[in-house]
Amino acid sequence: MIVCITARAAGTDAPVEERFGRAPCFVFVDTETGASESVQNPLIDAAGGVGPRAVQMLSEHGATVLITGQVGGNAAKALEAGGIRAYAYRGSGSVADALAGYAAGNLTPLSLS
Amino acid sequence: MKIAIASGKGGTGKSTVAANLACVLSCTRDVVLVDCDVEEPNLHLFFPAAAVDVPVTTPVPAINLDRCTFCGECGKFCRFGALTVLKDRVLVFPELCHSCGGCALVCPQGAVREIPRTVGRVACSRPIPRLTLVSGVLNEGEVQAPAVIRAAKMLAEGHPLAIYDASPGIACPVIETLEGSDACVLVTESTPFGLHDLSLAAEVVEKIGIPAGVVINRSDGEDAPTMEFCRERDLPVLMTIPFSREIAAVQNRGGLICRDLPGWEERFAGLFERIPGVRP
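So the protein lines, in turn, are chains A and B.
According to the numbering used here, the first sequence holds residues 1 to 113 in order.
According to the numbering used here, the second sequence holds residues 1 to 280 in order.
Looking at chain A on its own, in the form it has when it is part of the complex (with noise of 0.2 Å):
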């Protein structure tokens, strides 16, 4: 299964961003093998529709969960389409503090409606 986590920089150790669609990085771990792979956002200085643009960037890298602070309307509903599941992280923690929260079963899922 392949986890995106929003942060402010590349790799596990770099803080979680709380916004989606202008984060400046998003962070893709393989949770089967514990590989990341670190993707710059091109959306970050976007004019507007960052959010369904952000979600088709984590369909084609295959992610199916999403951990972030917050996400708007239109993400949302993308996110729901793909069949994303979107987790709120509202700590000021790491990639890897966000994600050891997640697979502790910590983390409350984004209301998406």
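The set of hints was computed from the structure by calculation and includes no laboratory data.
Here are the computed lysine to aspartate or glutamate pairs in the EDC-like style, where the Cα-Cα straight-line distance is at most 20 Å: (1) A:K77 x B:D88; (2) B:K76 x A:E60; (3) B:K87 x B:D66.
With beta-carbon atoms standing in for the labels, derived distance ranges: (4) A:D45 x B:D88: 29 to 39 Å; (5) B:P242 x A:A46: 40 to 50 Å; (6) B:G101 x A:T108: 33 to 43 Å; (7) B:E203 x A:R22: 26 to 36 Å.
Residues from chain B that face chain A, not an exhaustive set, calculated with beta carbons under 10 Å: (8) G75; (9) K76; (10) C78; (11) R79; (12) F80; (13) G81; (14) A82; (15) V85; (16) L86; (17) L91; (18) F93; (19) E95; (20) L96; (21) V143.
Just so you know, even glycine gets a beta-carbon here, dropped at the ideal spot from N, CA and C.
Since the structure of chain A is already known, use the hints to place chain B on it.
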């Protein structure tokens, strides 16, 4: 002859100037007044009358799933996020679409066609004998103001004299309104905010290359900085409307000062003759 009324700042009295000007001119000729402030049209408040509505549509993508291979090209192309391509479906967010048609062009499968979507309407009425009012109305929550403005201006096309009332600011809707205008009246008020936004609007008008003049509204008599600015920019001051309780009272009940206060009919007629580029 097409005259645009713009200001930069909201609440300066654009609609007052447009409505009074149109009213005065309709005594002697046919005038069409176009409310291009489509997010909050208000000229109909000065001229209540039954209107005929024409819907305004704009093309948005529809995906033919028999052809679509979910390659994602349309979604990558759309800079407004109107298309999201997932593994087995394409989501369309019509309200984010700017109707550029690019998705249909980049699709390698020819799977995108465009279908019309209603974003607003144009209301057309004839409140007084020689005046036609065309009001553009953008539906709530929509962003495609320029499409409705285009439609409203199109409906007024062919009239010998059209007055366009622009929206505040200097963004796309104002540019769309100024496009094709022969002259522009910039309405301002004698405050630092009025002057600041006047300078922005003047710059836009100059860039588009339309001759312009200034009306100072709600003047408290301390117009020196505004006059100085106008001199520097070579913008004639066409008219000054004083700050007065009498005028405010007429405005408050939706009245026209050219109709309700003595002397103002002549003053608005004079304003028309002073607009740069106007040959009455």
